[in-house]
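Asks: Residue numbers (our numbering), protein chains in the order written: chain G, 1 to 133; chain V, 134 to 444; chain H, 445 to 666.
Treat the hints as calculated values from the structure; they're not laboratory data.
It is possible that part of the hints are untrue.
In silico lysine-lysine, DSS-like type, Cα no more than 30 Å apart, as pairs [unchecked claim]:
1. LYS89(G) x LYS612(H)
2. LYS451(H) x LYS83(G)
3. LYS82(G) x LYS625(H)
4. LYS502(H) x LYS53(G)
5. LYS500(H) x LYS90(G)
6. LYS89(G) x LYS120(G)
7. LYS53(G) x LYS499(H)
8. LYS461(H) x LYS314(V)
9. LYS7(G) x LYS502(H)
10. LYS451(H) x LYS89(G)
11. LYS472(H) x LYS82(G)
12. LYS641(H) x LYS314(V)
13. LYS658(H) x LYS257(V)
14. LYS500(H) x LYS125(G)
15. LYS339(V) x LYS658(H)
16. LYS612(H) x LYS273(V)
17. LYS484(H) x LYS285(V)
18. LYS658(H) x LYS120(G)
19. LYS83(G) x LYS500(H)
20. LYS332(V) x LYS612(H)
21. LYS646(H) x LYS313(V)
22. LYS83(G) x LYS646(H)
23. LYS53(G) x LYS625(H)
24. LYS658(H) x LYS89(G)
25. LYS53(G) x LYS22(G)
26. LYS465(H) x LYS80(G)
Take a look, some chain G residues computed to stay more than 12 Å from chain H by CB distance [claimed, not checked]:
27. ASP3
28. SER19
29. GLN68
30. ASN124
Cβ coordinates follow ideal geometry from the N, Cα and C atoms, glycine included.
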Amino acid sequence: MQDFRPKIIAFYCSNCASSAAKIANKMNLYLPEEVKLINVPCTGRIEILHLLKAFENGADGVCVFGCQEDSCQYINGILKLKKRVEHVKKMLEEMGIEPDRIEVFSLYAGKGQDFVDIAKEMVNKINQLGPIF
Amino acid sequence: MTEYKSGSNLEKVLKAGYFAFTGECGPPRGANVEVVRKKAQHLKGCVDAVNVTDNQTAVVRMSSWAACLILKEEGLDPNFQMVCRDRNRLAMQSDILGISAHGIKNMLCLSGDHQRFGDHPEAKNVYDIDSIQLISMVKKMRDEGAFLNGEKIDVPPKIFIGAACNPFAEPLEFRVYRLKKKIDAGADFIQTQCIYNMKRFREFMKRVVDMGLHERCYILAGITPLKSVGMARYMATQVPGMDVPEELIKRLRGAGKGKAAEEGIKIAVEQIQELKEMEGVAGVHLMAIEWEHRVPEIAKLAGMLPRPKVE
Amino acid sequence: MIIAEAKPISEILEMVKDFSKILVVGCKGCVTVCNVGGAKEVAILASSIRIGMRKKGKEVEVGEITLERQCDPEYIEELRDIIKDYDAVVSIACGVGPQFIAERYPDIMVFPGVNTKFMGGAIEHGVWAERCAGCGQCVIHYYGTMCPIARCSKSLMNGPCGGSNHGKCEVSPEIDCIWDKIVRKMMAQGRLEELLKIRPPKSWLTARDGGPRKMVREELAK
Chain G
1 MQDFRPKIIA
11 FYCSNCASSA
21 AKIANKMNLY
31 LPEEVKLINV
41 PCTGRIEILH
51 LLKAFENGAD
61 GVCVFGCQED
71 SCQYINGILK
81 LKKRVEHVKK
91 MLEEMGIEPD
101 RIEVFSLYAG
111 KGQDFVDIAK
121 EMVNKINQLG
131 PIF
Chain V
134 MTEYKSGSNL
144 EKVLKAGYFA
154 FTGECGPPRG
164 ANVEVVRKKA
174 QHLKGCVDAV
184 NVTDNQTAVV
194 RMSSWAACLI
204 LKEEGLDPNF
214 QMVCRDRNRL
224 AMQSDILGIS
234 AHGIKNMLCL
244 SGDHQRFGDH
254 PEAKNVYDID
264 SIQLISMVKK
274 MRDEGAFLNG
284 EKIDVPPKIF
294 IGAACNPFAE
304 PLEFRVYRLK
314 KKIDAGADFI
324 QTQCIYNMKR
334 FREFMKRVVD
344 MGLHERCYIL
354 AGITPLKSVG
364 MARYMATQVP
374 GMDVPEELIK
384 RLRGAGKGKA
394 AEEGIKIAVE
404 QIQELKEMEG
414 VAGVHLMAIE
424 WEHRVPEIAK
434 LAGMLPRPKV
444 E
Chain H
445 MIIAEAKPIS
455 EILEMVKDFS
465 KILVVGCKGC
475 VTVCNVGGAK
485 EVAILASSIR
495 IGMRKKGKEV
505 EVGEITLERQ
515 CDPEYIEELR
525 DIIKDYDAVV
535 SIACGVGPQF
545 IAERYPDIMV
555 FPGVNTKFMG
565 GAIEHGVWAE
575 RCAGCGQCVI
585 HYYGTMCPIA
595 RCSKSLMNGP
605 CGGSNHGKCE
615 VSPEIDCIWD
625 KIVRKMMAQG
635 RLEELLKIRP
645 PKSWLTARDG
655 GPRKMVREEL
665 AK
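Using the sequences and the accompanying hints, generate a full structural model.
Replies: Structure follows, in C-alpha cells:
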C-alpha cells in the first residue's frame, strides 16, 4: 500500500479551467505528478464512455475541471457533464467501486491556486481510497 | 301491483316516492363476522339499503358479496358494490348471478380505485370493461336475459342498478354528461360522491334537472359527516374531486376542542335537510366511514326516522 | 418506437459472472433512437463489464457488435462466425433481440441487457412516454386521437373516472389524465355528441389476451 502512486486523469476545458491552469503555471504552481491532463474543447463533450475508459485503462481516479455553471461558452456544457458524472458515480457504486473516485469541479478563470489545490486534494483522496482494483 | 325491476327495499321506497336514506358498511380486513353483524345492528331500521364496498381503496377485505349475505341475514337490504379493477367479464357475470341467486337485489357499478393506492400495489389490474359498460351488461342480463355475448341466461338476475357520480371531479363541464351516459347505459339510481359544497351541488342539480335526468333515474346525494378538522383538511387537500369549502373547516374549528365531531354531525344534518327540499334529489346516501354507530342519531336528527315500509 | 431502459450494471454483472468471453450485441433500431442499445451503449456496457468484472477479480474478454436490427433473422445471421468465439451474449435490443439470437444460436447463453418498457415516443430530449398498448384494434380516432387503452391508468373506454385531478391522474401527479385531454379536445372541436356515445366492451381477442400473436401476410409470405 505504501508504494501506491495513484493514477489520476483530469479532463479540463479550454476555457475557464484552461486559463486557471495557465495562471497556475505563471505562478510557478505545478500539478502533482500523479495527475495526467487531457484538454477538451468543452466539458460537455466528455461522454460517459470517456470517463469509463479512463478507469478501464488504469486510472484510480478521474476528475473534470470545467467552467462555472453560468459561464460555459457553449451554454450548458458543464451542466450536461455534471449529470453524466452523477450517472457514472451510480454505475461505479453498482460495480462495487467508490463513487468518490470521480469528481467534477467548476473553476474561475483567474484562480490558478484553486486548480492546483483541488488537484492535490484529489490525489490525497485517491491515496486514501487506495488502488481501484 | 307495482312492477319492480328487482323488488329490493331501496327500489320499493324510491318508487313509492319516499325520500330514500342509504348507508354504508365497509367489510372487515379478515373473516370477522361479528364486526359485520355489529355494524348491521347500528344501521338496522335507520336506512333503506346498505352499500357494501368492494375492496375499497384497493385494500383487501372480506368480499363484498359475502358481507352482503351477512347483512341480509341481519334483515338489511344490501347494495352490492362491484369494481372493474379486480374482475373480468366472466367473473363479473358469475358474481352477478351469484348475488341474485342469494336474493341480493341492489348493485352499484364502479370503476374502482387504482390498485397502486392499495395494499397490493404490485397487482395486475383487470379493467376488462369499464363502469359504464358494466352498467349496460347488468341491464342486458336483467332485461334481455342474455349474457354479454348474447347467449340466453336460464333465470336472469333481478338487479336494481346503481352507479356513482362525482359532480365536482374534473373536467367539470363533462360531469353531467358522464352522468347522462350512465343513465343511458341503464342506471336506475345514482349515489354521488360526498358533497360539502352545497352551492356548487345545487348548480349541478339544476343542470341535471334541466336535462331531465332526474326523471329517468333516482339521484341520491352523498353525505359524509366530518369527524374532525384534520379529516376536513385531508378531504380538502388529499382526495381528488373533493370540494370542502373553507367556511366549513372554520365552523368545525370554531366549535372548540372535542366538539368538532358534534359540529360535523350538525353540518351533515343541515345538509340532509336542505337536500330533502332540493329539486331532483331522491334521497341521501350517508357514508359514515367507521362511524356506523352514529348513524341512528344522524337519521333521527335529520328527521329520517322511522323509515318507510313498502309492501 | 419500442422504449427500453438499461438494466443496472450490477444485475448484468451477476448474469455473466461465470463467463469469461462475453459478446455485447446492440441494435440500430428503436433502442439506438432511445439511447439505450446502440453502438454507443454497447461500448459503455462492454467497458462497464470489464471494469466490474476486474473489480470482482476476474479478467474477461468483452466483444462489441451492433447489428442493423435484431428483429430480423438476416441480421442475426451476421453473428454466425463471431459468436463462436464467445460463451455468453448480452443483447441490449428490446426483448425481441435476445430471443431471436437464442433461437438462432441455441448453444450459447443469451442474456437481456435492458428492460423493455413500452411503445411510445420522445416527448423531449431524454424523456419518453407511452402511446400505444398494441391492442390490435385501433380506435383512437373516437378519442381525439389519444389512446385511452394505453394512456388511461384504468384503460377506460367511457371515461373520465372520478379521480381526474387538475388534468392529472389519481395514480400519480406525474401521469396526465388522458381523459381530461380527450374531453377538452373533443369539446373544443364540437364533438361532444361522439363522446356521449357509449363505447361497448372491447374485444381483447386481438390483444395479448387472445394468446401470443402472429401475423401472416399472404402476399408477402413465401
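Asks: Please go over all the hints and tell whether each is borne out by the structure.
Replies: Now for the hints, and whether the structure bears them out:
1. LYS89(G) x LYS612(H): Answer violated: LYS89(G) to LYS612(H) is near 34 Å, above 30 Å.
2. LYS451(H) x LYS83(G): Cα-Cα ~19 Å, so holds.
3. LYS82(G) x LYS625(H): violated (36 Å)
4. LYS502(H) x LYS53(G): holds (18 Å)
5. LYS500(H) x LYS90(G): Roughly 17 Å between the alpha carbons, so the hint for LYS500(H) and LYS90(G) holds.
6. LYS89(G) x LYS120(G): Status holds; Cα separation ~21 Å.
7. LYS53(G) x LYS499(H): OK: LYS53(G) and LYS499(H) at ~15 Å, within 30 Å.
8. LYS461(H) x LYS314(V): With Cα atoms ~59 Å apart, LYS461(H) and LYS314(V) exceed 30 Å; violated.
9. LYS7(G) x LYS502(H): holds (21 Å)
10. LYS451(H) x LYS89(G): holds (16 Å)
11. LYS472(H) x LYS82(G): Judged against 30 Å, a Cα distance of about 28 Å means the pair holds.
12. LYS641(H) x LYS314(V): holds (8 Å)
13. LYS658(H) x LYS257(V): Given pair LYS658(H), LYS257(V) holds - Cα atoms ~24 Å apart, limit 30 Å.
14. LYS500(H) x LYS125(G): With Cα atoms ~22 Å apart, LYS500(H) and LYS125(G) stay inside 30 Å; holds.
15. LYS339(V) x LYS658(H): violated (53 Å)
16. LYS612(H) x LYS273(V): violated (34 Å)
17. LYS484(H) x LYS285(V): The given pair, whose Cα atoms are some 61 Å apart, is violated under the 30 Å limit.
18. LYS658(H) x LYS120(G): violated (63 Å)
19. LYS83(G) x LYS500(H): holds (27 Å)
20. LYS332(V) x LYS612(H): holds (25 Å)
21. LYS646(H) x LYS313(V): holds (21 Å)
22. LYS83(G) x LYS646(H): Violated, at roughly 44 Å.
23. LYS53(G) x LYS625(H): This hinted pair is violated, its Cα atoms lying about 46 Å apart.
24. LYS658(H) x LYS89(G): violated (43 Å)
25. LYS53(G) x LYS22(G): holds (27 Å)
26. LYS465(H) x LYS80(G): violated (34 Å)
27. ASP3: holds (20 Å)
28. SER19: At roughly 31 Å from the nearest Cβ of chain H, SER19(G) sits farther out than 12 Å, so the non-interface label holds.
29. GLN68: Holds, since 23 Å exceeds 12 Å.
30. ASN124: About 22 Å separates ASN124(G) from the closest Cβ of chain H, which puts it past 12 Å; holds.
The structure fails to meet hints 1, 3, 8, 15, 16, 17, 18, 22, 23, 24 and 26 from the earlier list, while all remaining hints are met.
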